[in-house]
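Place chain S on chain W using the hints.
One line per chain: the protein sequences are W and S, in this order.
The first sequence runs 1 to 298 under my numbering.
The second sequence runs 299 to 535 under my numbering.
Source of the hints: derived by calculation from the structure; they are not laboratory data.
The structure presented is a predicted model; accordingly, all values stated were derived computationally and were not measured.
Do not rely on the hints blindly, as some may be mistaken.
[What the hints assert, rightly or not] Below 20 angstroms or equal to it, Euclidean Cα-Cα: the simulated PhoX-like pairs (lysine-lysine) are:
(1) W:K295 with W:K200
(2) W:K85 with W:K128
(3) W:K128 with W:K160
(4) S:K373 with W:K295
(5) S:K373 with W:K296
(6) W:K200 with S:K373
(7) W:K200 with W:K296
[To be verified] Derived list of chain S stretches under chain W, where covered just means 3 residues or more per stretch with a C-beta under 8 angstroms from a C-beta of chain W:
(8) 364-377
(9) 404-413
The C-beta atom is built at its ideal place from N, Cα and C for all residues, glycine as well.
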Amino acid sequence: MQLPFTANPHERQLIPDGRFTGPMPWVMAIMLFLSLLAAAAALALAHSANQGSMALSRQATVQILENDPDARIAQQRAVAASLRKRQDVHSVNIVPESEARALLEPWLGEVAEESEVPVPALIDVEFKRVPDADQLAAIRRALASTAPSIRIDGNAQWLKPWFELVRSLLLVALAILLLLLFATGATVALAVRGALNTHKATIEIIHMMGGTDVQVARLFQRRVALDALFGSALGLALAISVILLLGERVTALEPGLLSGASVPLYGWPLLLLIPLAVTALSMAMARWTVLSTLKKML
Amino acid sequence: MQSVAEFDNVGLRYGTGAETLTDVSFKLYPGSFYFLTGASGAGKTSLLKLLYLAHRPSRGAIRMFGEDLVAMPRKRLPGFRRRIGVVFQDFRLVPHLSAFDNIALPLRIAGISERDLEGPVNEMLDWIGLTERASARPATLSGGEQQRVAIARAVIGRPEMLVADEPTGNVDPDMALRLLKLFAALNRLGTTVVVATHDIHLLQEIEGAQMMRLDKGRLSDPTGALRHPPRPLVLRN
Chain W
1 MQLPFTANPH
11 ERQLIPDGRF
21 TGPMPWVMAI
31 MLFLSLLAAA
41 AALALAHSAN
51 QGSMALSRQA
61 TVQILENDPD
71 ARIAQQRAVA
81 ASLRKRQDVH
91 SVNIVPESEA
101 RALLEPWLGE
111 VAEESEVPVP
121 ALIDVEFKRV
131 PDADQLAAIR
141 RALASTAPSI
151 RIDGNAQWLK
161 PWFELVRSLL
171 LVALAILLLL
181 LFATGATVAL
191 AVRGALNTHK
201 ATIEIIHMMG
211 GTDVQVARLF
221 QRRVALDALF
231 GSALGLALAI
241 SVILLLGERV
251 TALEPGLLSG
261 ASVPLYGWPL
271 LLLIPLAVTA
281 LSMAMARWTV
291 LSTLKKML
Chain S
299 MQSVAEFDNV
309 GLRYGTGAET
319 LTDVSFKLYP
329 GSFYFLTGAS
339 GAGKTSLLKL
349 LYLAHRPSRG
359 AIRMFGEDLV
369 AMPRKRLPGF
379 RRRIGVVFQD
389 FRLVPHLSAF
399 DNIALPLRIA
409 GISERDLEGP
419 VNEMLDWIGL
429 TERASARPAT
439 LSGGEQQRVA
449 IARAVIGRPE
459 MLVADEPTGN
469 VDPDMALRLL
479 KLFAALNRLG
489 TTVVVATHDI
499 HLLQEIEGAQ
509 MMRLDKGRLS
519 DPTGALRHPP
529 RPLVLRN
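If we strip away everything but chain W, and leave its shape as in the complex, we get (with noise of 0.2 angstroms):
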């Protein structure tokens, strides 16, 4: 197979093919896969922050904390009547008694509907855009004259955090991935030197037969080529098979946070030029290796 940038046939055998002997394919197919995982969990992780969770974050929840059955439930319908008729709200919706009721659960045990333990009114409202603190403060003045005890939480509030957290993983994921495509570079580096010192005598006759140091690069970084295609391939293809795995794993939550850290399809061609983009750098570590090294030879 004659690869660009590489030796003919007949140049090439003058290092002889030690290809799949070698460590080498071995050690590029795990940092590839490795790499993959990475770039799929910054991937990831940005779509979820992008999708799931921005529109999350959109949302707020207005509770009224009124004693009295009657009043707050007028209050509840009247609060939801004027957010309707507001141009910033995209949706309103009256959480029934019986939910809200539900989510005491966890901490107060079955709360019976007679039970004098009041639960407050809610109402969950969507706005178009990411509500600031301003924003939901003007809202809560402005509805205080029609329920005075209420509350309005943005959920980007306490999102606020979550997304700290998808930030710090996002750049977690990318220096890790910067990390791994490093140690693949110095993996050739550390791969070629040990073959130019194997290959020493012959390289040495090939000067002095009149080959340029390009010539014995050409050599090399057809051999290093074939070793990182090798290791991509199968880098690749566990990597592929592990993502889909959780993949389907993710798309089995409940909707929520992580609802959205799936790997969205304009991630797909991305993560298949990673593989490209590790051959390409292989061979040019590998070239630069050996011309920074010959240099040292006459």
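Structure of chain S alone, referenced to chain W:
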């Protein structure tokens, strides 16, 4: 007449040791034939290494093919090396290549196509009597056969200068004479030949060849020929 190689007060030292070559000065003229003699350790191989550009001198000036070698950038050396054929004392055949591929090596490095190199390489194999062993690897060849392959590799590219370090050390007298005839034939075609040897009989085979003698790293020319223009060669026998 422009010289092929010109050494002016050249000294060569390996590391921090004593000088292996001291104040070596001479000129090699195109189309001439030189024998380089001297006892073991006199510096013959070191002098040849300077000639085939495997080392740069520690001091002094070297001009090759009219250009200053000491100041020459490294990237220009391959082009000059292709003009020089080398027979190494230890043959230095590529162990995993066949006799054919070893002989074809300089042509492949120079970018000659497979179609164009096949004829000359087969002709050379025939000339050194190794046609039947074209696909044999060096490890399966005798010392003499390896030496013949090494010589064939050195001359296949019709170099402007041929440098040979003890080229007949492992072959029988008949083959030594045949190889010498090959060198003389190349020389008649214009190749400057430098042969390092301590085979006295070899020196007597070529009348008109000039002699350089190294003694403890210093050069002398007992025939005085280095100071005069080269004479036409006469091969005895």
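Hints and how they fare:
1. W:K295 with W:K200: Between W:K295 and W:K200 the Cα gap is close to 13 angstroms, so the pair holds against 20 angstroms.
2. W:K85 with W:K128: With Cα atoms ~13 angstroms apart, W:K85 and W:K128 stay inside 20 angstroms; holds.
3. W:K128 with W:K160: holds (18 angstroms)
4. S:K373 with W:K295: Between S:K373 and W:K295 the Cα gap is close to 9 angstroms, so the pair holds against 20 angstroms.
5. S:K373 with W:K296: Between S:K373 and W:K296 the Cα gap is close to 12 angstroms, so the pair holds against 20 angstroms.
6. W:K200 with S:K373: Given pair W:K200, S:K373 holds - Cα atoms ~19 angstroms apart, limit 20 angstroms.
7. W:K200 with W:K296: Distance ~13 angstroms between W:K200 and W:K296 Cα, so the pair holds.
8. 364-377: holds (count 5)
9. 404-413: It holds, with 5 qualifying residues against the three required.
Hint violations for this structure: none, all hints satisfied.
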